[in-house]
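One letter stands for each residue in the lines below.
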Amino acid sequence: MKILVGYKRVVDYNVRIQVKPDGSGVITDGVKLSANPFDDIALEEALRLRDKGLATEVVVVSLGPADCQAHIRNGLAMGANRAIHVVTESAIQPLTAARVFMKLIEKEQPGLVLMGKQAIDDDANQTGQMLATLWGRPQATFASLIAIDGEKAQVTREIDAGLETLEIDLPALITVDLRLNEPRFIKLPDIMKAKSKPMETLAFADLAVESGDFLNTTHYAPPAKRSKGVMVKDVAELVAALKTKGLVA
Amino acid sequence: MSRVLIIAEHLNGQLNSATARCVSCAQALSAETIDILVLSDAADAIAEQASKISGVNKVLSLSNPANAHPIAQVLAPQIAEVAKPYSHVFGPSTTFGKDLMPCVAALLGVAQVSDVMSVESSHSFKRPIYAGNAIISVEAPADAIVVATVRTASWPAAEMNGNAAVEAVSVAAALPTHTRFVSLQQGKSDRPDLQSASKVISGGRALGSAENFSIIYSLADKIGAAVGASRAAVDAGYVPNELQVGQTGKIIAPELYVAIGISGAIQHLTGIKDAGTIVAINKDAEAPIFEVADFGLVGDLFQIIPELESRL
Ligand SMILES: Cc1cc2nc3c(=O)[nH]c(=O)nc-3n(C[C@H](O)[C@H](O)[C@H](O)COP(=O)(O)OP(=O)(O)OC[C@H]3O[C@@H](n4cnc5c(N)ncnc54)[C@H](O)[C@@H]3O)c2cc1C
Ligand SMILES: Nc1ncnc2c1ncn2[C@@H]1O[C@H](COP(=O)(O)O)[C@@H](O)[C@H]1O
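Listed in order, the protein sequences are those of chains F and E. Under our numbering, the residues of the first sequence are numbered 1 to 249, in order. Under our numbering, the residues of the second sequence are numbered 250 to 561, in order.
So here's chain F without its partners, still in its complex pose (with noise of 0.2 Å):
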């Protein structure tokens, strides 16, 4: 079995992000630039699949601009055996995303497709559903437990009730939880190796993707920010405050 992972490349988790002063976006110049949380911890489930021998190949995904290629060799130094670029300097929205991934899910025929369960900087939390739909397969999104089972797979999905869990059909798609592992750290001679495995790269242009780029963002601007309050001297004091506002009978 083959597994396709999402694998983007976004503006660091730790980066306190920045609206520009005129709008029109958030600064990124000099940023740090890191895989998403959520494809690292995707990726590290499709290589533990491999590794229990349920899983024969596993190919990362990226869709990003020409200077993502060092991101993409990160996945690659973490054990992927292969890697798909698609190139394009214009960010794109989910239902693109979605398109492109369905056309590559076309010429590679996976059993099984993992993606973060949303991406930290559009924090959309749709490309995998989306796909999923236009695929025709199975989802099960938030996932904090996979169990890959012949042609099954049971998922365990962490929803606001508790734990839920799905059968599902393969082929099929999963986004993956926080919780479901924890990524491995790559080792130097890793990323020597890295450079050797093969890398494609494909013209976003080339594919033939309708685009579905449908929202237009016309104006970016900061949170309203909360005021920093009281800091108060002991308990009584912290009791008493609350009794003013009616907070605590």
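No wet-lab data here; the hints were simulated from the structure. Where hints are given, some of them may not hold.
Over the 10 Å line for every Cβ pair with chain F, so calculated as not near, a few chain E residues [said to hold, decoys possible]:
#1 Lys-347
#2 Glu-388
#3 Glu-491
Cut-off 25 Å, straight-line C-alpha distance, at most; resulting in silico cross-link-like pairs (DSS-like, lysine-lysine) [said to hold, decoys possible]:
#4 E:Lys-522 / F:Lys-245
#5 F:Lys-152 / F:Lys-103
#6 E:Lys-471 / E:Lys-437
#7 F:Lys-233 / E:Lys-471
Ideal Cβ positions, reconstructed from N, Cα and C, are used throughout, including at glycine.
Go by the hints and put chain E with the ligands onto chain F.
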């Protein structure tokens, strides 16, 4: 004029209050009609509850044994069918809506606006990106259906004194059988629901163990609050996942939020910044949580909590 269809969320025969929050958001569109669609194996009783939400015109009740559990790939084709005469289809931005609504959008061939915080006009909305560190205004095309999820923490639940008509509907969509419900492991609790509670007390990594976390429960019970947690506390196994508050957990807006032994990482703050009053208790005076707290108290939680409990 906008015609809005809202997808009801429910569990164990009970309508979730997220549905009434979606109605508030739809009202901000000055809609011509706001209808609710209930999909279930026994939809009528839930439709009855939904008909009480103020501002709703009509509740569509769609019963089908295949809808016994909310499986996105089963529900989406039915919704896409019912949605045709509407200009907007809304679902809550809960795990239910996040799982389902992008499938509806994909079937309709449109984009989805995730996490609507405010409505600027019928086709223009504000939503958060980068864990809420930027708010964008997005415009959806005027000539296509708008599919959106509603950020429930941004909207009050509409009142419950309506009396909408309930109408049974059926659709002829072919439904897949490739996905089967196995089980739901639900934390049983008599405590208020985290997503709709007016008071929430959360504990973080500092609690140190599941055993120690009991002091958070005990304090919460004292004031009738729901219990929440940071990701670190969930990861460490002190509490189940459904208590996680934050970017990847629940986004909440209680009147009172008390963060105990939580540092205040941006991913956590995203989940609480609409709270009315934030109280932080932390032994580190430099902890970032104090930057957003209305009342901060520096000290050891293991001394503060018992004293707090005894004074309340
Ligand atoms: C993609 C991504 C998504 C994430 N999503 C979420 C999310 O949804 N929700 C979330 O919460 N986190 C999330 N995180 C994790 C987040 O970055 C932090 O790691 C997490 O919130 C830290 O939890 P904490 O504050 O409990 O622990 P810590 O950061 O370890 O803080 C513990 C605090 O307790 C204080 N303390 C210690 N002992 C005591 C004592 N005896 N008395 C009083 N105070 C004490 C310390 O001073 C410290 O401030 C996410 C991270 C990533 C990368
Ligand atoms: N440009 C991209 N390149 C690779 N994977 C992507 C891309 N965009 C989205 N994905 C995948 O889809 C998931 C969800 O993204 P989103 O719907 O944008 O929140 C991500 O975690 C990735 O696995």
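Flag every earlier hint the structure violates by its number, smallest first.
1, 2, 3
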